[in-house]
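Engineer: What follows is the residue order along each chain.
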Amino acid sequence: MATHDITLTVNGAAESLTVESRTLLVHALRDDLGYTGPNVGCESGKCGACTVEVDGDAVKSCTILAVQTDGSDVRTAAGLADEGLDPVQQAFHDEHGLQCGYCTPGMLATTHQLLDENPDPSRAEIRTALKGNVCRCTGYGNIVDAVETAADRLAETDDESEARADAPELEAED
Amino acid sequence: MFPAEFDYERAASVGEALDAINEHADADVEILAGGHSLVPAMKTEGRSPDVVVDLDVPALDAINALSDRTVVGALTTYATIADSKAVRANAPLLAETAAEVGDLQIRNRGTIGGNLAEAHPGADLPAAVLASDAIVLLRHRDGKREVPATDFFRGDGETAVERDELLTGVRIPHTDDAGVAYAKKTHPATGYAMVGVAAVVEVDDGDGAAERTVSGARVAATGAVDRAVRLPSVEDALAGEPLEEGTIEAAAGEAQADIEAEKLRSDAYASGEFRAELLSTYTARALESAAERVADDPPTA
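Line order of the protein sequences matches chains A and B.
Residue 44 in the numbering used here is what sits at position 44 of the first sequence, and the numbering runs on without skipping anything.
Residue 132 in the numbering used here is what sits at position 132 of the second sequence, and the numbering runs on without skipping anything.
Treat the hints loosely; a few may be bogus.
[What the hints assert, rightly or not] Label-pair ranges, simulated between beta-carbon atoms:
1. B:ALA239 - A:HIS4: 52 to 58 Å
2. B:ALA89 - A:HIS4: 37 to 43 Å
3. A:ASP152 - B:ASP177: 39 to 45 Å
4. A:TYR140 - B:PRO173: 40 to 46 Å
5. A:ASP158 - B:ASP26: 56 to 62 Å
6. B:HIS24 - A:CYS137: 45 to 51 Å
7. A:ASP70 - B:ASP164: 23 to 29 Å
8. A:ASP31 - B:ARG145: 41 to 47 Å
9. A:THR3 - B:ASP156: 33 to 39 Å
10. A:ALA2 - B:ALA59: 22 to 28 Å
11. B:ARG293 - A:ASN118: 22 to 28 Å
12. A:GLN90 - B:THR190: 49 to 55 Å
13. A:ASP159 - B:SER271: 50 to 56 Å
[What the hints assert, rightly or not] Derived DMTMM-like pairs (lysine to aspartate or glutamate); straight-line CA-CA distance at most 25 Å:
14. A:LYS131 - B:ASP83
15. B:LYS185 - B:ASP142
16. B:LYS43 - B:GLU5
17. B:LYS43 - A:GLU20
18. B:LYS144 - B:ASP133
19. B:LYS85 - B:ASP177
20. B:LYS43 - A:ASP31
21. B:LYS43 - B:GLU30
22. A:LYS131 - A:GLU117
23. B:LYS85 - A:GLU43
24. B:LYS43 - A:ASP120
25. B:LYS85 - B:GLU292
26. B:LYS43 - A:ASP5
27. B:LYS43 - A:GLU43
28. B:LYS185 - B:ASP156
29. B:LYS85 - B:ASP61
30. B:LYS144 - B:GLU245
31. B:LYS85 - A:GLU125
32. A:LYS131 - A:ASP116
33. B:LYS85 - A:GLU117
34. B:LYS85 - A:ASP116
35. B:LYS185 - A:GLU125
36. A:LYS131 - B:ASP267
37. B:LYS144 - B:ASP26
38. B:LYS43 - B:ASP156
39. B:LYS85 - A:ASP57
40. B:LYS43 - B:GLU158
If you're looking for bench data, these hints aren't it; they were derived computationally from the structure.
Note that CB positions come from ideal geometry on N, CA and C, so glycine has one too.
The whole structure should be built from the sequences, with the hints applied where relevant.
Structural biologist: Below you can see the structure in the form of structure tokens.
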């Protein structure tokens, strides 16, 4: 059996492990390392429940070999906030953007990439971005609401940080 | 679902990949790029290679925009192609088509080289490279081979790539002032095209005549039969005709003339007859969009 020693950074922590050639990233994360954020859904690259960020991109971890990600930086839903909930997670909570919650970790990872690239998406753009994340409770209306709310809150946060960034310059004028 | 066991080798250069292919000449070798066709197939469709050669070749993850052509490396992802300013400016049909592939996560990972080499009959990019008159670039241990897209796709999963060859990229001639469009009926579960049509429409502005004439057109369809194909009857119906609604309608009416009815793909989701109807409808839509764009953007005098 062909095995490989790989290293990953997962949610900021350095991890070393030995995987088979055929081990999928989602199984390495869940079974070998105990990061249970990504869920195993369709196992065929369609449902998006296993979505994690690899080097900043939302990807389906059931369709990637763990050995391919040697040296990569992986972030799961559990790594989104240092403590409590991050703004996207909080918005899903507030808008009831989940029912059973199985798809939610994947939804969160994809939403993060969407809002990084398009901070003020339309409802149509949100639906297009989340096309690869299937909710079998079919609660899509609230999910789209949650992404809109998260975008609004992140925009407010950005305004505040811009205001703070300006402050030292005002002081320097004296 | 797990793939069966296999040996994994990482190739850091084209040379290393070709060496690996040759070294395992007696084994079942698969080339791994983004893995979004290969890995699902290894889990469910009985592909069980002895050796998987993973391409980890930065030189193939590159876009080289030249004066009259753009070369896209085999490991360039759909997302990179769709977002690339160079591709959007010079080969907009490829960028537009790449943006229609699968979903966001698939576009982050899947590559143009993998897409073309896998030759799925419903894949989007083959239609775009056919309508672009692109050249597929292959390497083997002793040299190179260039295959026109029109000679590349041979059937479902069948291409011109020989066993000892590696697909390294695609050369796309620039379409400049042409109007281009890709129109697709998406399979809602798989994201592949049930039928997709890519169109490039070029016009001749003549001597400032009020009516513009189609000087040439290239139209290609995916999803209809076992491979992406050009639609020469549609192209012929456009060439030399005035760029107007009647011309487009007549040309789209020719779409089914280039497809043998018994070769239409038929499955639980869509019958061959339905795909034939889709082919006519989406040919018309692609031509309408391409014509609008060429009309929106007349070349400056």
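Engineer: All hints, please: hold or fail.
Structural biologist: Going down the list of hints, with the structure as the test:
1. B:ALA239 - A:HIS4: 52 to 58 Å: Between ALA239 of chain B and HIS4 of chain A, where Cβ atoms are some 55 Å apart, the hint holds.
2. B:ALA89 - A:HIS4: 37 to 43 Å: Hint holds: Cβ distance 41 Å, inside 37 to 43 Å.
3. A:ASP152 - B:ASP177: 39 to 45 Å: holds, 42 Å
4. A:TYR140 - B:PRO173: 40 to 46 Å: holds, 42 Å
5. A:ASP158 - B:ASP26: 56 to 62 Å: For ASP26 of chain B against ASP158 of chain A, whose Cβ atoms are near 59 Å apart, the range 56 to 62 Å holds.
6. B:HIS24 - A:CYS137: 45 to 51 Å: holds, 47 Å
7. A:ASP70 - B:ASP164: 23 to 29 Å: holds, 27 Å
8. A:ASP31 - B:ARG145: 41 to 47 Å: Because 44 Å falls inside the window, the suggested range holds.
9. A:THR3 - B:ASP156: 33 to 39 Å: Given a distance of about 35 Å, which is inside 33 to 39 Å, the answer is holds.
10. A:ALA2 - B:ALA59: 22 to 28 Å: holds, 27 Å
11. B:ARG293 - A:ASN118: 22 to 28 Å: The hinted range 22 to 28 Å holds for ARG293 of chain B and ASN118 of chain A, with Cβ atoms some 23 Å apart.
12. A:GLN90 - B:THR190: 49 to 55 Å: Once the Cβ atoms are compared, 34 Å apart, the range 49 to 55 Å for THR190 of chain B and GLN90 of chain A is violated.
13. A:ASP159 - B:SER271: 50 to 56 Å: Distance hint for ASP159 of chain A, SER271 of chain B holds at roughly 54 Å.
14. A:LYS131 - B:ASP83: Roughly 18 Å between the alpha carbons, so the hint for LYS131 of chain A and ASP83 of chain B holds.
15. B:LYS185 - B:ASP142: Not satisfied, since the Cα-Cα distance of roughly 42 Å exceeds 25 Å.
16. B:LYS43 - B:GLU5: holds, 11 Å
17. B:LYS43 - A:GLU20: Given pair LYS43 of chain B, GLU20 of chain A holds - Cα atoms ~15 Å apart, limit 25 Å.
18. B:LYS144 - B:ASP133: Between LYS144 of chain B and ASP133 of chain B the Cα gap is close to 19 Å, so the pair holds against 25 Å.
19. B:LYS85 - B:ASP177: holds, 17 Å
20. B:LYS43 - A:ASP31: holds, 18 Å
21. B:LYS43 - B:GLU30: holds, 14 Å
22. A:LYS131 - A:GLU117: Holds, because 16 Å separates the two Cα atoms, which is no more than 25 Å.
23. B:LYS85 - A:GLU43: Not OK: LYS85 of chain B and GLU43 of chain A at ~34 Å, beyond 25 Å, violated.
24. B:LYS43 - A:ASP120: Given pair LYS43 of chain B, ASP120 of chain A is violated - Cα atoms ~38 Å apart, limit 25 Å.
25. B:LYS85 - B:GLU292: Judged against 25 Å, a Cα distance of about 22 Å means the pair holds.
26. B:LYS43 - A:ASP5: Since the Cα atoms of LYS43 of chain B and ASP5 of chain A sit roughly 23 Å apart, the hinted pair holds (cutoff 25 Å).
27. B:LYS43 - A:GLU43: holds, 9 Å
28. B:LYS185 - B:ASP156: holds, 19 Å
29. B:LYS85 - B:ASP61: Given that 25 Å is the threshold and the Cα spacing comes to 16 Å, the pair holds.
30. B:LYS144 - B:GLU245: violated, 44 Å
31. B:LYS85 - A:GLU125: holds, 20 Å
32. A:LYS131 - A:ASP116: holds, 17 Å
33. B:LYS85 - A:GLU117: At roughly 15 Å apart (the allowed maximum being 25 Å), GLU117 of chain A and LYS85 of chain B satisfy the hint.
34. B:LYS85 - A:ASP116: holds, 19 Å
35. B:LYS185 - A:GLU125: holds, 18 Å
36. A:LYS131 - B:ASP267: holds, 23 Å
37. B:LYS144 - B:ASP26: holds, 23 Å
38. B:LYS43 - B:ASP156: holds, 19 Å
39. B:LYS85 - A:ASP57: holds, 19 Å
40. B:LYS43 - B:GLU158: holds, 20 Å
Of the numbered hints listed earlier, those contradicted by the structure are 12, 15, 23, 24 and 30.
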